[in-house]
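J.: Residues in the sequence shown are numbered from 0 upward in steps of one, following this note's numbering.
If you're looking for bench data, these hints aren't it; they were derived computationally from the structure. A couple of the hints might just be wrong.
Keeping only pairs whose Cα atoms sit at most 16 Å apart, straight-line, the calculated EDC-like set for lysine to aspartate or glutamate is [unchecked claim]: (1) 70 - 119; (2) 207 - 183; (3) 70 - 93; (4) 297 - 163; (5) 207 - 238; (6) 70 - 101; (7) 297 - 238; (8) 70 - 34; (9) 297 - 164; (10) 207 - 253.
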Amino acid sequence: MQAATGIQKTSPTPGERRIDAPPTRPPDGSAFARELEGDLRQQFAVHDGIADGFVAQVLGRLADAARSGLKLDLEAASRLLTVSAACRCDVSVERAILQMVEPQQHQEALGLAAVRHIHDDLEVAATNQGHLTACAQTGLNVRKANYLSALARDAQLNFQRHRDDPGYVIALQSSLAAQFGVGECGEQASLAFSFLAARGVRPLELVKFAPFPDGQPVTVRLPLPDGDGEERVDLRAPDHVMVVAGRTHGQLADFRTWNTSALIVDPHQDCVYGPPELPRRSFDNRQFTGGATMLVAKFTLAEGEPWPARAAATTQG
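Given the sequences, and given the hints that come with them, work out the whole structure.
T.: Below, the structure written as C-alpha cells:
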C-alpha cells in the first residue's frame with residue numbers, strides 16, 4: 000500500500016541507514032561552555048552576584064548536559080571553573096562541572112583554572128617579565144610598593160603568625176596580591192596554591208628551586224630582547240616558586256621518581272605540565288631557574304589537612 004505522498008514506505012534493510020534519520024552528532028562541550036560562561040558573567044555583572052535561583056538553573060543545565068553524554072575537554076572545563084570562581088558560585092557548581100570531565104583530568108582542569116583565574120579575572124601581573132611598556136611598568140611598580148607596604152604592616156601586627164604559620168603568610172600574600180593586582184612568581188604561586196587548596200587538591204606543595212650545588216653561581220645565556228645575539232648572566236641562585244599538585248610518590252628533589260599524575264602549576268609562566276616536562280620548562284625559564292630541576296618544599300598540605308578560606312589581613316581596607 001502506498002502512502003499519500005506516493006512514496007512506498009519500507010523498512011531499512013540490515014546495514015542500511017534510513018535516509019530520513021539525521022546523523023547523530025556528539026554534543027558540543029565547547030559551545031555549551033561558552034554559552035554558560037556568558038550567562039554567568041552577565042548575571043554576575045547585572046546583580047553583582049549569583050542568586051540562589053540562578054545557581055539552581057545552572058545546576059539543572061549542567062545535570063541535563065551530563066545526562067545527554069556531554070563531556071568537557073580541559074579548555075572548556077577550565078574556562079567554566081574559572082568563571083565559577085570569579086562569580087563566587089556555590090561549590091556545588093564546580094563539582095557539577097568536574098563531573099563532566101574525565102576523572103583523571105580533574106586535577107589538571109583545576110590547575111588550568113587557577114592560572115586563568117589569576118591572570119584573566121584577578122588580573123595579577125608581574126613586574127619582572129620584561130615585556131611591559133614604560134608606563135605599564137611604572138604603574139606596576141607603584142602597585143608592588145603598595146603591596147609590600149601592606150605586607151610589612153601586617154608582619155608588624157602579626158609578627159608571631161608570620162614567623163610560625165607559613166599557611167597564614169601564603170593566604171595573606173594571595174589576598175594582598177589579588178587586592179593590588181601585582182605579584183611575582185612567589186605571590187602568583189601562593190594564589191594558585193590557595194585556589195587549589197580551597198578546592199580540596201591534596202597533597203599540595205609550594206616549592207622553590209634548590210640552591211645550586213656547592214653554592215656556585217651558574218652562567219646562563221639569554222637571548223637579547225631584539226633577538227640579535229645573547230647576553231651572559233651570572234645567576235647566583237635559582238629564584239622561582241611554583242606549585243606541585245598530587246605528588247604521592249618519589250622524592251621532591253628528583254622529578255623522575257614522581258607519579259606520572261603529579262602536576263606542576265606555574266602561573267608566573269602561564270603553564271601547567273607533568274614531571275617529564277620540567278627540564279625543558281626550566282631551561283626556557285633559565286633566567287630565574289638557571290635550568291635546574293631540583294626542588295625543595297616551602298610548605299606542604301598533606302591528604303586530609305584543612306586549609307583556611309582566607310587570611311585575616313588586618314591591613315586591608
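J.: Now tell me if each hint is right for this structure.
T.: Results of checking the hints against the structure:
no., hint, in the structure
1, 70 - 119, "24 Å, violated"
2, 207 - 183, "13 Å, holds"
3, 70 - 93, "15 Å, holds"
4, 297 - 163, "13 Å, holds"
5, 207 - 238, "7 Å, holds"
6, 70 - 101, "8 Å, holds"
7, 297 - 238, "13 Å, holds"
8, 70 - 34, "15 Å, holds"
9, 297 - 164, "12 Å, holds"
10, 207 - 253, "13 Å, holds"
Consistency note: the structure conflicts with earlier hint 1 alone.
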